[in-house]
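So the protein lines, in turn, are chains A and B. Heads up, the final residue of the first sequence is numbered 309 in my numbering, and it's a clean run with no missing numbers. Heads up, the final residue of the second sequence is numbered 309 in my numbering, and it's a clean run with no missing numbers.
Keep in mind the hints are simulated off the structure, nothing from the lab. As the structure is a prediction and not an experimental result, all values here were calculated from the model. A few of these clues could be false.
Intra- or inter-copy, both count: the list cannot distinguish identical chains.
[Claimed, not checked] Straight-line distance between alpha carbons at most 25 Å, and here's what the computed SDA-like set of lysine to any residue pairs gives:
| hint | residue 1 | residue 2 |
| --- | --- | --- |
| 1 | Lys279 | Arg180 |
| 2 | Lys279 | Arg120 |
| 3 | Lys279 | Ser154 |
| 4 | Lys279 | Met194 |
| 5 | Lys279 | Thr228 |
| 6 | Lys279 | Phe107 |
| 7 | Lys279 | Gln126 |
| 8 | Lys279 | Glu189 |
| 9 | Lys279 | Ser104 |
| 10 | Lys279 | Val124 |
| 11 | Lys279 | Leu240 |
| 12 | Lys279 | Ala188 |
Number of protein chains: 2
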Amino acid sequence: MADARLEPIQGGSRGTLVSDAVRAAIYSGRFQPGEAIREMQLARELRVSQTTVREALLQLEHAGLVVREANRGTRVTSLSEQDIRERIAVRLMLETSAAAETVRRMTPEHLAELETQMHEIASAVRRNSYYESAQADLAFHRAIWRGSGNQTLFRLLDELTVPLFAFVSMRQSSNVTDLRRRVRSHEPILAALRSGQAAAVRKAIHGHLTTSYRQFLEGTVDAALVSPDPGKS
Amino acid sequence: MADARLEPIQGGSRGTLVSDAVRAAIYSGRFQPGEAIREMQLARELRVSQTTVREALLQLEHAGLVVREANRGTRVTSLSEQDIRERIAVRLMLETSAAAETVRRMTPEHLAELETQMHEIASAVRRNSYYESAQADLAFHRAIWRGSGNQTLFRLLDELTVPLFAFVSMRQSSNVTDLRRRVRSHEPILAALRSGQAAAVRKAIHGHLTTSYRQFLEGTVDAALVSPDPGKS
DNA sequence: TGTCAATCGGTTAACGATAATCGCTTATTG
DNA sequence: CAATAAGCGATTATCGTTAACCGATTGACA
């Protein structure tokens, strides 16, 4: 009973299938931010009804990947500078606390999983695969969020961050230097997690995020919401 | 141009109308937590198509008021003890930071608005109107969130808290003592906001929330995620 | 020639009907 | 008699079509 011979069939509903397809198209850049997505056209291309497409778009809207305007249409989300700063600020609040909790509950197995994810990032970077390295990067952070044991917290961080990955990384030049930095910048987090000290983890996450998003944060008038943890003004 | 003579007509899409109707029914208790909501039945009662009802239910699912299971049906969300604890923990993280930012940007106008909201709460309590006092309570907190100037933060707090109000207050006895407490427990927040000191505001919010939700928090094994701010273990 | 209303093209919103899926009950069969 | 399959009722998922809506453009009229 413990291990079935067959995997449960995947695919879910047709709407989810469509949603996945569009999501992949957005990530891979086939749909550009700001570009309109027409329900009927998509329905024809994918051989499904408009209703199904609509349900998929509703899901994507929830995930923050598209925006829908009544009677006007759907377009790929194009995060404004302000949107990005806001998301980063909130992510900073949540992820530092999540990681601090994660380190408290850390098991050797979980630490091993994080090290594996780290290897995945490095591997993708070695292959110079930008898309996959971003996926691995996200997976690493997800593993940290999950470790907090708070599903609500995980869900919110996911909702907040997925569009960030989709649209921020899109702008960053994917040159070799940036990719190398992607590996290095995660190492202090892992080190802090190994140390088991919550304060160190908070600092590591804070440093990682502010560094990673430096180019989006500089020029922010109110840095307050961006660094609520240290520097208690 | 600045002030129109007429308000923009409300009502939005039919789907939103249905969604509002169901939301009100949930809040008022006409739909109980755990109760099934049948699409076709609702469609007949409201004289709209099943598609429209479905869109409404999708909206409500996003808001966390109902849960939908593929091919099984929709039911009113019944938050588990764990869900509630998780939401409180995350709300604590976000609202303390939001309020700290709000106090930094506070204007006399905004402070006046909060005082007005406070009067609304007191007024509803005097009328012994439980439902309205809960609405006013929520409005007070919303005003604080909005003051942070971070729309993303506002949205997340809303998403997180609305179901809390819907289902937590439902369980609390709405006796006179509880209602009086509802007024009193907000006063320290207002006082802290007037003082202008971020640290005081953080403490006030923390105190308010842990007090308000005491009955749901006691017995929590890991209080860590619930008090990430003070008492740095 | 400027203003406003009617029209038009394109798109989403809503509809009614059918198909697919689920859990449960009832047969069937070895 | 137990295990399994077939059938049933209820419900959601999907479909194709029609209605409503928005913004831009055209055209009439002062």
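Hint by hint, here is what the structure shows:
1. Lys279 <-> Arg180: Both: 15 Å inside a copy, 24 Å across copies.
2. Lys279 <-> Arg120: The answer is neither: 50 Å in one copy and 56 Å across copies each exceed 25 Å.
3. Lys279 <-> Ser154: Neither: 30 Å inside a copy, 37 Å across copies.
4. Lys279 <-> Met194: Answer is within; shortest intra-copy Cα gap is 19 Å, inter-copy 38 Å.
5. Lys279 <-> Thr228: Intra 23 Å, inter 23 Å, cutoff 25 Å: intra and inter.
6. Lys279 <-> Phe107: neither (37 Å within a copy, 46 Å between copies)
7. Lys279 <-> Gln126: Neither. Shortest intra-copy (48 Å) and inter-copy (51 Å) distances fail the 25 Å Cα cut-off.
8. Lys279 <-> Glu189: within (21 Å within a copy, 37 Å between copies)
9. Lys279 <-> Ser104: Result: close neither inside a copy nor across copies, 33 Å intra and 45 Å inter.
10. Lys279 <-> Val124: neither (49 Å within a copy, 54 Å between copies)
11. Lys279 <-> Leu240: The answer is within: 21 Å in one copy meets 25 Å, while 31 Å across copies does not.
12. Lys279 <-> Ala188: within (21 Å within a copy, 37 Å between copies)
Hint violations for this structure: numbers 2, 3, 6, 7, 9, 10, all remaining hints satisfied.
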